[in-house]
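Engineer: Protein chains in written order, with numbering that gives the first Met the number 0: chain A, 0 to 370; chain B, 0 to 252.
Hints are computed from structural coordinates only; laboratory data are not their basis. Hints may be right or wrong, so weigh each one.
Stated by the list, open to error - Pairwise CB distance ranges, derived in the manner of DEER restraints:
hint, chain 1, residue 1, chain 2, residue 2, range
1, B, Ala133, A, Gly293, 33 to 41 Å
2, A, Arg204, B, Pro189, 23 to 31 Å
3, B, Arg114, A, Arg84, 25 to 33 Å
4, A, Asp353, B, Glu214, 45 to 53 Å
5, A, Thr83, B, Arg114, 50 to 58 Å
6, B, Glu91, A, Arg204, 53 to 61 Å
7, A, Arg204, B, Ala133, 34 to 42 Å
8, A, Asp353, B, Arg234, 44 to 52 Å
Don't be surprised by glycine CBs; every beta carbon is placed ideally from N, CA and C.
The lines below spell out each chain.
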Amino acid sequence: MGPFAAPRDPIAVDSVALALPDRRAIAVGVVLAEGLVAVPLVARAAYGVLKPHQVVIGLLFTLFVLGVVMSSMTAAFRAALVRTRDERRALVAACATGALTSAVACLPWLPIMRRFPTAFQMLPGEPTTISYFLLTGITDSLIISLLWAAVFLYPSAMRAVRDRERELFEARTEAELLRLRSHLEPHFVLNTLNAIAAMVVDEPRAARTMLGALGDLFRDATADRSSEHHTLAREVEWLERYAAIVRGRFGDDGLRFECAVDEDARGLELPRLLLQPIVENAIQHGALRRDGGGGHVSLRAFADGDALVCEVRDNGPGPSGAQRRPGARGLAIVERRLALEAPGSKLTLDPHPDGGAIAVLRITQRKEQPR
Amino acid sequence: MTAPLRALVLEDEWAARGYLVELLHETGLVTVVAAVATAQQATEALEQEPAHVAFVDVSLAASAHDDSGIRWVRALAQRHAPPRVVLTTASERHAIEAYSLGVEDYLLKPFTSERVAQCAQRLSASVRTPIAHAPAVRRVAARAATSLVFLPLDEVWAFEASSRLTFVHTRRGRFDVDLSLTALEASLGPTLLRVHRNWLVRPESVSSLERANGETVLRVGEPDHSVEIPVARDRAMLVREALLDASVGLRKG
Chain A
0 MGPFAAPRDP
10 IAVDSVALAL
20 PDRRAIAVGV
30 VLAEGLVAVP
40 LVARAAYGVL
50 KPHQVVIGLL
60 FTLFVLGVVM
70 SSMTAAFRAA
80 LVRTRDERRA
90 LVAACATGAL
100 TSAVACLPWL
110 PIMRRFPTAF
120 QMLPGEPTTI
130 SYFLLTGITD
140 SLIISLLWAA
150 VFLYPSAMRA
160 VRDRERELFE
170 ARTEAELLRL
180 RSHLEPHFVL
190 NTLNAIAAMV
200 VDEPRAARTM
210 LGALGDLFRD
220 ATADRSSEHH
230 TLAREVEWLE
240 RYAAIVRGRF
250 GDDGLRFECA
260 VDEDARGLEL
270 PRLLLQPIVE
280 NAIQHGALRR
290 DGGGGHVSLR
300 AFADGDALVC
310 EVRDNGPGPS
320 GAQRRPGARG
330 LAIVERRLAL
340 EAPGSKLTLD
350 PHPDGGAIAV
360 LRITQRKEQP
370 R
Chain B
0 MTAPLRALVL
10 EDEWAARGYL
20 VELLHETGLV
30 TVVAAVATAQ
40 QATEALEQEP
50 AHVAFVDVSL
60 AASAHDDSGI
70 RWVRALAQRH
80 APPRVVLTTA
90 SERHAIEAYS
100 LGVEDYLLKP
110 FTSERVAQCA
120 QRLSASVRTP
130 IAHAPAVRRV
140 AARAATSLVF
150 LPLDEVWAFE
160 ASSRLTFVHT
170 RRGRFDVDLS
180 LTALEASLGP
190 TLLRVHRNWL
200 VRPESVSSLE
210 RANGETVLRV
220 GEPDHSVEIP
230 VARDRAMLVR
240 EALLDASVGL
250 RKG
């Protein structure tokens, strides 16, 4: 499920540190805490310090208070998170709520406390006024509140933060990919339009052909598709159209473009138009930079194990520092797209032993279906 | 300046080169004395045909260096009395960089006749000094392989086009030309006759006109070295009249 699959509150309300829905987590928390409280009570009863009925009262009391405190803290925490989207403030609100509700939860027990002071482990001479109970209720509950916050609320908050960060990261990646993908350089389009304008009078048929080819490229490059991968066969179609335009602009003897694709590689998938910057690089910085024309770019593609390998060769002057400059963004874009869309893939650009340059792209095939 | 400005065009794309030459000549303010595809040829051309202004494509591809258009412009500054420079570019980003180079102006691609006309007008208004030692005779820039050759117009017999290759036929032989016939027509003006889609002829060099089987054929050049030129049927009449107008002897009709 991607970040844009369905609108939802980025603060996930249903996930919990204990991987349980809130109610169940509270139930588990109460039971565990109750267990912790029960141990000293039972120990005292074993020594005869407490009578069984006093143990029962103590257990009931703590059960009640724990339930009230934990529920109210959780509710307060959630509400504060949704409203302020600040985990720290939500935790503070939760603890404050815990303190208050525990004090309030003690109040109904006041008459029972007066009747059975020992069960509540009250000291002789301890006051039994309301204000005293409230105060001690608050102070005594602090430890419960803090424990509950630490064990349950805080991890839950951290999970919410992580979720939000992941959503943000995915959204940014999606935006970046969109930016990287619509990669028909304005420079290319404008120069092609200029060539078409030039040909309109003298070579109208060629002008129409170039207009059609440019339209096809543009349509493909900006299409909104469900999958951002396509087969190598489609990619090669696009590249051949692209090369035809460049040939039309520079003259047939300026550039030759050849593709040799293995049959078993035709159906393999790669991110759309991933090869375009590489081929453009080979043309602009390779084949067209030969003094005296005769530039040649060739694409060879084959399957190698679970990877698709594409080699783009040109007979230009060979790779230079110029191709890695900030101005020549093409290869950097390819590398970035590889990192985002086909992790585990690799791009290299080296001089070819027979002259010119060779770029080798190794794309690890994805195992699962595209989203 | 009342005489047209002399201009050099440096543009590596065939179609764009001819287009700019046509548009510049349309303005009536500029004469393109040389249109070349590489920075090296541009330097040579300037030696032979000094120019007031150079139109330079900022992103020349056909060279081993990146940005060779810009490099060439920088090198120009070393010359004595360098031409003014107008950069041609697809993106305005280069225009910003351009001002640091001291160029006169920039022309955005795709070119339009309005933009080119405005640029030519601005140049005309600001360029005042005539060029000393400019050749008086109109010459055509041609190529033998990669080196340039400048041919006086009166040595030209005809221009021939074959898809995107253009040749010039002269007594000295056949040379390559880096412009389309239309661009040549635009720059050399009414002195030439477009007798065929693929042929542009200088009337003075026509030695005979023959009709056979409804086809008209011209002959140019010298008896021992002549070139046969087909005339398009729909232009045959016009061509005949134009040639007769320019000569004496025969009655028309």
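Engineer: Hint by hint, note whether the structure agrees.
Structural biologist: Hint-by-hint comparison with the structure:
no. : hint                              : result
1   : B:Ala133 <-> A:Gly293: 33 to 41 Å : 36 Å, holds
2   : A:Arg204 <-> B:Pro189: 23 to 31 Å : 28 Å, holds
3   : B:Arg114 <-> A:Arg84: 25 to 33 Å  : 53 Å, violated
4   : A:Asp353 <-> B:Glu214: 45 to 53 Å : 50 Å, holds
5   : A:Thr83 <-> B:Arg114: 50 to 58 Å  : 57 Å, holds
6   : B:Glu91 <-> A:Arg204: 53 to 61 Å  : 32 Å, violated
7   : A:Arg204 <-> B:Ala133: 34 to 42 Å : 40 Å, holds
8   : A:Asp353 <-> B:Arg234: 44 to 52 Å : 50 Å, holds
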